[in-house]
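Colleague: Heads up: the protein sequence lines correspond to chains A and B, in order.
Quick note on the working numbering: the first sequence kicks off at 1 and runs consecutively.
Quick note on the working numbering: the second sequence kicks off at 1 and runs consecutively.
Fair warning: there could be bad hints in the mix.
[Stated by the list, open to error] Quick list of in silico lysine-lysine cross-link-like pairs, DSS-like style, CA-CA up to 30 Å:
no.: 1; chain 1: A; residue 1: K162; chain 2: B; residue 2: K2
no.: 2; chain 1: B; residue 1: K77; chain 2: A; residue 2: K162
no.: 3; chain 1: B; residue 1: K229; chain 2: B; residue 2: K2
no.: 4; chain 1: B; residue 1: K77; chain 2: B; residue 2: K2
no.: 5; chain 1: B; residue 1: K2; chain 2: B; residue 2: K193
no.: 6; chain 1: A; residue 1: K162; chain 2: B; residue 2: K98
no.: 7; chain 1: B; residue 1: K118; chain 2: B; residue 2: K77
no.: 8; chain 1: B; residue 1: K118; chain 2: B; residue 2: K193
no.: 9; chain 1: B; residue 1: K118; chain 2: B; residue 2: K98
Hints were generated in silico from the structure; no laboratory data involved.
Please read all numbers here as calculations on a predicted model, not as lab measurements.
Next come the chains, spelled out residue by residue.
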Amino acid sequence: MLDVGLQRLRELVAVHGVPGAEAWLDTALDAIDPDALSGVRVLLARCARKVGDAPLPVGELEAAGWTARDVARAAVVVRVFERADLEVAVTAYGQWLRRGEQGEQESLLRMLPLLPDPQRLVSHAVEACRTNSEVVFRAIACGNPFPAAHFPDDNFNQLVLKAVFMNVPVGEIDGLSGRVTAELLRMADDFAAERTAAARPVPTDIGLLHQLLESR
Amino acid sequence: MKLFDPHIHMTSRTTDDYQAMADAGIAAIVEPAFWLGQPRTHTGTFEDYFLSLIGWERFRASQFGIRHFCTMGLNPKEANNPEIAEAVIEMVDLYLEKDGVVAVGEIGFDDQTPAEEKYFIRQLELGKEHGLPILIHTPHRDKAAGTRRTLDVVRDMGVDPSLVLVDHNNEETIASVLDTGMWAGHSIYPNTKMDEHRMVSIVQNFGGERVIINSAADWGVSDPLKVPKTAQAMREAGISDDVITEICWNNPVAFFAQSGRLDLEAVTTNVRVDQTQLWFGNSVLRGQTPRVDD
């Protein structure tokens, strides 16, 4: 999992955010009231404009695809989990995810490895995989260590198969090699057979899944 | 030749689509309750959706001479949301009794989770309680295994196979569905699922008995004219008009007539279009001259 604390998130916003982003974030973090979390919805939406969406350079975090606004939103939610009752924070997280627009959903999914008690968040992450939006799906499926670390087999297999379906490269799924199973290959091979029966091309990523299992 | 599209999500389509469908010979449709492309956050939005299926949408269809029926159900994707699933099921129980509701659906598996199975079984029970046929959605991912599991659940629940339409079949699933005595639906799509020419091959191999086709047109890339286009492809391939009529009209009519809410005589007569009519004060027209049939 990602070992990134609140201080590190603030530093990243200072470096990669728009001018004034760090000061805005510090004020916002101070204002978070664990007894009035409704205000956090406003902060999460506002992060996009106050911090910007500059991409983080590769290697800045041990995760891919992050932008400055993702970092700011992660700081806000990490602060909520620090201050609020865990049960309340988990429920609020689910509401924000369900009612967020696409960019908010992306951020909320990317930050999952930074939040405490991952088992309580798995169902929200699994639900997010049912999206029709490729960018939201990529936020949970690609460069994110959370699914491989915490998803049950059935849900992880569905995630991989959905990536194959959506032409999202399975090579971008963090921790995939450790989670390839005979059952996942069976599902992938059934899909290949279905494509063959329909005289349609078979995604090359199915071959990659076989290689990963054989190389273990 | 009258055509029936037994699976189309018209709430996502335009009046141009209705006009084109009517011009192409589509005289009746079934609109299954499904999801809206993104998850709903409240049970109340399901109720308004269900009301539109039996209200405004039926009226819109009538304004273009098309008979509109629908199915009610909690779709498998949203069955996974514990915040809404139980309350929606209670609502489905009420709405299944409405006029023009000709089946429970579309229900079944998506991710094949325990929650999906629970609500699939519950809605098979609702079908028995309300005396309605069942329209089943089969999963896109892990399709062959998901379809086998679907057939097992239906069998274990003791549902009469003649009351079950299993949809979105392909070359690999049709035989197993027909072998059970259930009806096999095929969604003809521009890119995924099934296309016209593959469907022609399936009909050449399996014939028309209990075979049904639909467009499954919705808010995504899809084509509301796939039933007439597939009928034409079958005709060009030398399939007889009797078989085409069986697949594109007689079969869906016979299947949904098992609800007791699709009158066999009424459905074969033309809808008299009167575009001067209003629905709660609303017209589908925007200043055009209303069409009024004699």
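Colleague: Taking the hints in turn, state whether each one holds.
Modeller: Structure-based check of all given hints:
Distance hint between A:K162 and B:K2 is unfulfilled; the C-alpha atoms sit about 38 Å from each other, more than 30 Å. Distance check on the hinted pair: B:K77 and A:K162 sit about 14 Å apart at the alpha-carbon level, within 30 Å; holds. At roughly 13 Å between alpha-carbon atoms, B:K229 and B:K2 fall within 30 Å of each other, so this suggested pair holds. About 34 Å separates the Cα atoms of B:K77 and B:K2, which puts this hinted pair outside 30 Å; it is violated.
Under the criterion of a C-alpha separation no larger than 30 Å, the hint pairing B:K2 with B:K193 is consistent with the structure, at around 25 Å. A distance of roughly 37 Å separates the Cα atoms of A:K162 and B:K98; the hinted pair therefore is violated under the 30 Å criterion. Proximity of B:K118 to B:K77 is assessed by CA-CA distance (about 13 Å); at most 30 Å being required, the pair is judged to hold. Taken as a hint, the B:K118 and B:K193 pair is honoured in the structure, with Cα atoms around 26 Å apart against an allowance of 30 Å.
Annotation: proposed proximity of B:K118 to B:K98 holds, straight-line Cα distance about 24 Å (limit 30 Å).
Violated hints, listed in ascending order, are 1, 4, 6; each of the other numbered hints is respected by the structure.
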